[in-house]
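Q: Sequence:
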Amino acid sequence: MSARRRTVLTAGAAALAAGCGSSDDGDGDGSTAPATAPETRKASETSAAELTRTSDVPVGGGTILKDRKVVVTQPEAGDFRAFSAVCTHAGCIVASVSDGTINCACHGSRFSITDAAVEAGPAPRPLPVERITVQGDGIRLG
Numbered sequence: 008m009s010a011r012r013r014t015v016l017t018a019g020a021a022a023l024a025a026g027c028g029s030s031d032d033g034d035g036d037g038s039t040a041p042a043t044a045p046e047t048r049k050a051s052e053t054s055a056a057e058l059t060r061t062s063d064v065p066v067g068g069g070t071i072l073k074d075r076k077v078v079v080t081q082p083e084a085g086d087f088r089a090f091s092a093v094c095t096h097a098g099c100i101v102a103s104v105s106d107g108t109i110n111c112a113c114h115g116s117r118f119s120i121t122d123a124a125v126e127a128g129p130a131p132r133p134l135p136v137e138r139i140t141v142q143g144d145g146i147r148l149g
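Residues in the sequence shown are numbered consecutively from 8, following the numbering used here.
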C-alpha cells in the first residue's frame, strides 16, 4: 500500500472515530443520552399526533400513510381500523387499498381491510394491528 493511500485511510478512520466517539449530545452539558432516547421521544410524540381525518378514509377502503407506515381502513361506516403498512413478506410499504383489500405491489400480497388477514400471498402472516383512537373527525395512534 502506498504511503499516500495509507495516510488518507488513516486520516479518514481517525475522523470517523472522532465523530462516532463524541460524548456531547448537543445540549451543551456534556452528558450522554442513551442511544434509544431520541427514538423513544419521537415515538411518544408520534402517538399523540393526528394520523388523518375520518373524512379521508373511504367506507369500504382505506388510506395509506406512508410516512407513518400505517394504513387506516373503514370496512363499514364508522368502523375504523389501523394496521402496519409494512408488508410481512419483504418489508415493502403497501401501495393501495381497493376492492376490500390492502395491496402490496412488490409481490402481489393482499390483506383484508377488516382484520389484515392474508387474502393472497406470498405474505406469510397478517399485517400487525395498530391501536388508534377516533375523536370527532380525528384519528390518532394510541
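Incorrect hints may have been included.
Restraint ranges, calculated between C-beta atoms of paired labels, are given here [unchecked claim]: (1) A102 with P131: 12 to 20 Å; (2) G128 with A56: 20 to 28 Å; (3) P131 with A56: 12 to 20 Å; (4) D106 with G85: 19 to 27 Å.
Since the hints were made in silico from the structure, they are not lab data.
For each residue, glycine too, the CB sits at the ideal point set by N, CA and C.
Q: Hints broken by the structure, by number, lowest first?
A: 2, 3
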